[in-house]
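K.L.:
Please build the complete structure, drawing on both the sequences and the hints.
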Amino acid sequence: MLKDAFSAIAGSPRPFDPVLEQAGRIILGKDREIRLAVACLLANGHLLIEDLPGMGKTTLAHTLARLLGLHFSRIQFTSDLLPADITGVSIFDRDKSEFRFLPGPVFAQLVLADEINRATPKTQSALLEAMEEGQVSAEGQTRALPRPFFVIATQNPSHQIGTFALPESQLDRFLMRIELGYPDRVAEKALLAAGGQRAQAEQLAAVFAAADLPAWQEQVAAVHAAGPLIDYVQALLDATRRNPAFQHGLSPRAGLGLLAAARAWAWLAGRDMVLPDDIQAVLPAVAAHRLRTTQGGGPALPEDIAALVRSVAIP
Amino acid sequence: MSTPANAALDRLATPWLFACALASALPHVLHQPVWLSLLAGTLLGWAFWLWQHDRRLPGRWPLVILVGAACAGILIEYRSLFGRDAGVAMLVVFVAMKLLELRSRRDAMVVVTLACFLLLTHFFHSQSIPTALWLLATVVLITATLVRLHGGPACTPRIALRHAAVLGAQALPFMLVLYLLFPRISGPLWGLPADAHSGKTGLSDTMSPGSIARLAQNGDIAFRVRFDGPAPPRQKLYWRGPVLEHFDGTTWRPFEGRRPAETLEIISPPIRYQSTLEAHDQRWLLALDAPTALPDDVRLNGTLTASSRKPVSERRRVSLAASLDYRFNRDEDPAILRRNLALPPGRNPQAVALAAGWRNAGREAILGKALALFASDFTYTLQPPLLGDNGIDQFLFQTRRGFCEHFAAAFVVLMRAADIPARVVGGYQGGEFNPLDDHVVVRQSDAHAWAEVWLPGRGWVRVDPTASVSPSRIEAGIADALPFGEPLPGVVQWRADWIRTLRFRWEALNNAWNQQVLGYDPERQRQLLARLGLPDADWRSLAIALGLACGILAAGLLAWATIHRPRCDPALALWHKALRQLARSQVDYAPWEPPLALAERLGQQRPELADAFQAVVNAYIAARYGKPGSNLETLRDAVARFQR
Amino acid sequence: MRLVTFLQEKLFRWQSDGTAPLRLGQRRIFILPSRGGLLYAMTLAVMLVGAINYNLALGHLLVFALAGIGVAGMVHAFRNLHGLLVTPGRSAPVFAGDLAHFELSLANDRASPRFALELAAPGSEPVIAAVDGKKDAKINIPLATTRRGWLALPRVRLSTRYPLGLFTAWAYLQPAMRCLVYPRPISHPLPPAAPSPTGGDRRGDGGRDDFAGFRPRQPADSPRHVAWRASARQADGGSLLVKQFAGGAQVDLVLDWQQTDPGVDDESRLGILADWVLAAEAAGVRYALQLPGQALAPASGEAHCRRCLEALALFDA
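Protein chains in written order, with the numbering used here: chain P, 1 to 315; chain Z, 1 to 644; chain X, 1 to 317.
What the hints contain is simulated information worked out from the structure, not anything from laboratory work.
Incorrect hints may appear among the rest.
Stated by the list, open to error - Derived CB-CB ranges, DEER-like: (1) Z:G551 with X:R110: 23 to 33 Å; (2) P:G227 with Z:R580: 15 to 25 Å; (3) Z:L75 with X:T146: 53 to 63 Å; (4) X:A111 with Z:V64: 14 to 24 Å.
Even for Gly, the Cβ is constructed at its ideal location relative to N, Cα and C.
P.N.:
Right under this line is the structure:
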C-alpha cells in the first residue's frame, strides 16, 4: 500500500521528500510511520504514538522537530505531575507584590508528551485542552500558544500497570494514532550496528524553517477532494456506524480529520487530488483509536479496519 | 405466512372503507326501496359517528338482530332472499353492517371484497358511460383503500391515491388483453332467476287507451338503426311491433295461435340495415316494414312481425333488410279476415251505426270518409280525457282528443263496422337521424299505433289515421306534432341547435360505446381473431394467445420493477468498461479496491497488462477525482487502447 | 424434518450473509398470494361467473380490471423489496431475560418510499417499518434472551404485503450478527471490602471530598487552593499554605467466584457476580473480578464494568 502511494503521478513537486528521506535514515525501516507522522503535522493534527518503551517514539518526535525547525519541548508525564507543571505557574513576586507567570513546557512549537497515560486524568486534560484550543487558560488568564503548535504524545499500551487510559473523548483530539512496532530484521541490525540513533537525531540540520510550515499546510488544505471521494468517505463513516464489530461509529469530526489526513498523504505523494487509496492509507491511523470493538472494548485492531474497508465498495 | 392477517386496523384507515362502501352502494339508491337505502345510510352514519367519537363498536347481538330484521324486510319486499334484486339488497345490508364490525384488517378486506361485488351488480341496471366512469373512480378508490390499509399510517392519502392510479394504469393493458382474448361464452350458464331482466321499458303486447301515450313520455332509446345506404324519409319508417286483432271493447290483444306464413310481394328493392335493439323483453324485433331478410333465429309470425325465438332480454344487434313497397297477403285466409271483422257485441253503438251507414260506398270511399272524419276537428294530444265503457263512441263523438292509439282503435272499429277487415299495429314510427354517426335513433317517445286494412287485390294496406289528424307527427316527429306543455320527455322537447348537437354527440358516443365496448361478443371476438391471423380459434388457442399476451405484459411490468438505473458518471462507466476487460483477462477485482492499489497488484500479477492499465488508471483518477474540467477523451483513448 | 431443512437450504439458500451490506436481488425474493389474495381471487372468479351468466360486458371489464390491478399489485409487492439495501448494524449487550435488539439498517435508494416492511425473527414480534425515498431507516429486531453468552441473530424474514395485501413478498436474511448476553443479575449483598495494596498511595490527589490538612505551597499549586487565612496566621510569615484534600478511603473490592455460595449452580453464581459488579459500579468503588482461570485488575468506570460483565457472560464454567 505504501509503494503505490509513491507511484509517480504528474503533479506538484514533493518538497517534503528530503524530510522523509532524512528521517528514514534515523528511524530505520519505519518509512510508513514517518510518512504518517509528517502527514499528521501537515494536516495540522496532533499525533499519538502508542507502543512499548524503547521503540523509538521519542527519537521520531525529536527528528521531526529538528528537520522542520520547530521549537521543541518535552514533558515526561508521571503520576504526580500537576496541570500547572504543563501550563506554567504564577510565581508571587514579593518585590512587585504580584503574580508573575512562568510559561510551562507546553509553550513550544512541538511538544512531546511522553507517556501521557502515566499522569492523572486531570493533568492529561490540561494538555488536551491546550491542544484543542491552541491556548492555555491558567489563573483566569488566557495565553495563546505559539504557532504552529503540535503535540506528539506517546503512550504505553493501556494494559500496562499504573496507567490511566485516555478517555475516548480525549483520544478524539489526536488526529492519528500510530504504532511503531518492532523494526524488521535488516533495520534492527543496522540500528544495532550504529549504536542508537538518538545522538544522530540531535545533529540533524533543519530542512525547513518553522515559519514555512503554514504555507505548506495551506497547500495541503487545497488538495482537491472530488464528489465521489466525499461519497466514499461518507460511506466509510456510515459503515463504522453500522458495523457490529464496533461499539459506536466515527464522528463527523473524525470524518473531517480523515479527509484532512488523506489530503496530506496525497500531497506528500505529489498529487493534487485525494484518491480512495489515500483514504485507505490513512484510515487505520485516523480511525483505530476512535473506534471501540464490541468484543473486549479496546481500540480497533488493524484486522477490524481492514474488514471495514472490505465491506465498503468504492462509489 | 406468519405475519398477522388480523392486525388491528389503524384509525385513519377506517374512513377509506366508509368511502368505499358509500361509493359502491350509492348508485343502488336509484333502484332499491327507500327503506333499504335509509337503513344502509343509517348504519353507515352510525359507523361514522362511532368512529368520529372513538366509541366502541356494537357487540354481536345488536348486529345479529339488525341483520335478521333487514333479512325479514327484504323477504317481505322481494318475496325471496336469493333473487337478483334481493341478493343485491342483501349485499348492501351486509356491507353497511360490516362497517360496524371493523376491527381488524381482515374485516377491512371483507368490506373491500363486498364492495367489489356490489360494483358488479350495478351493471344489472346500467352499463352506460356514466356508470362506467363512476365505477372506474370507485375501483381507484378501492385500490387506494387497499394501499392505505397495507401501507400503514406513513402512507398519506395523496400517496395512496397516486399509487392506486399507477396500479390502475398498469392494470389497463391487462384488462384490454383479457377483454379481447378471454374466451367469451354467450348466454347464461344456467337458468337465470325469474327477475333477472326485470324492469325493461318498451311496447307491450296489449294496447288500451293511454298505454302508448304513457310510453311516449319516456325519452329512452328503443333502438338504433344504421342503414347501409341513405336513410329513407321518416314518414316511411314504420317499425312493426305486435299486430293486435282481438278487441274486447277497451283492450286490443294479438291473436294467439298458429297462422299460415305470409305471402309477400316485394316491389321496391330491399334496403339493408343494422338495428341495435335495447332490451325490451319481448320477442319482436321492430323490423322496418316489410322485412325481407332476417337473421337465423328470427321468423315472421304471419302478421309480418319479425319475432325472435327468445325474448330480447339484452341489447341485441341484428342485420335486416326491408322493402318499403310491398303487397302483403293478397290472398288472405277467410278465417283470419272474419276474425278481423269481429267487434265486441253491444259496445260503441254510435260508431257502429255510423260506419254501417257507409257500407254501400266503395271501400276506398269508406276509408276516405273515416279519415276525413278524423281530419275535421280532432286534437292530437298526450293527455286525452279518460274514457268509459263505450270508449270509441265517447272519443269519436264527445271528447275528440286522443293519442295515436285512440285514432288507430277508433279507425279499426269503424272499418270493421263498415265490413272491412282491419286491425291495429303497434310499433314505432319515425326516428331521429344523428348525422354524427349516421344512425337513426328511435326512442320510446316514437312509439306509435296505426291501422291495417285488407283490401281485395291489394292485401293488407297500412292506414295511419294519426297522419290525417296531425300530419306533422309522421313527417317531423312527435315534438312538432304536440303543442308545448304536453308532458314530452325533455330529450325530445329541447330542440335548440346547440342542445341538439350536444345530444347528438352524446348519443353517438353512447352508440359507439354500445357497439364497440358492450357489443363485444363471441362473434366479434371471432372476427377480431380472424383479423389477427387466428381464424377458427378454439378456446385452446385463445388460452395460449391470452397466456402469451399476459406473460409479455407481466414481463414488461417486472422489467419496469427491477430496472434501477443509477445516474452513472461517464468516467465511472468507462472505468467499469476497463474493469470488465480486466475480468476477461482473468484478473478479479474487489469493489473496495482503490485504483492505484489495483494498478500495482496488476503490475505484480500481469506485468504485460500493467502499462496499458496504468494509463487507464491515471486518466481515470484525473477524470473522476481530479479538479473539474478534465476531459474524458484521455480516459476514453486509454480504455480503448487497453481493450485492444 | 431433515428433508425440510434440506429443501429450505436448497430453495431459500439459507446461509449466512456475513456482515457486508446486502442488496435484495430478485433471486432472494419470494412471492405468494396471501390469504387476502386468495379471497380476492375467489371473489373475482365468482364475479366473472356472474358477469358471464348475466352477459355483462362491463362486468367482464370490471373483473379484468381488478385482476390486472391484482397482478400489478404483485409486481409492486416484489418491487417494494427489490433493490433494498440491508446493512447489519450493531447490538448492545443485554442481560439475560431482557430483549436483545439487533439493529438492521434498510436503505432505499429509489425516489419512491417503501412502506410496510415487516421484519421478524423466529419467535419474535414482527417489526414494521417504512423507508422514505432516498432515505434509510434503522430497525431494531427484538429477540428474547434466555441464557448468557453470545446470542446469534437467527434467520430474519423480511416481508411485505404492500401495496394491496394480496401478495406476500418475502426474503430471508441471515446477517452475521450476535449480541452479548450478560448473566441475569441475582440480587445479593456485596461481599466485604478488602483494603487493596494500591489504595494507600492514592491519597492526596484527585479527591476533593475531605479536608486533610495544610501543606506548604509549591510553585505548581493553583492560587485558588491557597488557604489565605491560614497563611496569614503563619507565625513566621514565610510560605503560603495550601489546603490538602483526600478522596474517600480508597478500598478495592475483590469480587471473587469463591466468595459466592458454592451451594448454588454455576449460572446462579455468575448471576450473583454480575449483580455485585453492577452494585460496585453504582457505588463508585474500584473493584476487581476473579473467576477461575481469569482475573481482572481492580478499576472502575463503564469500560471496566463492561469488561467484567463480558467476562461473566463468556465464562466457560
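K.L.:
Which earlier hints turn out false for this structure, listed by number in ascending order?
P.N.:
4
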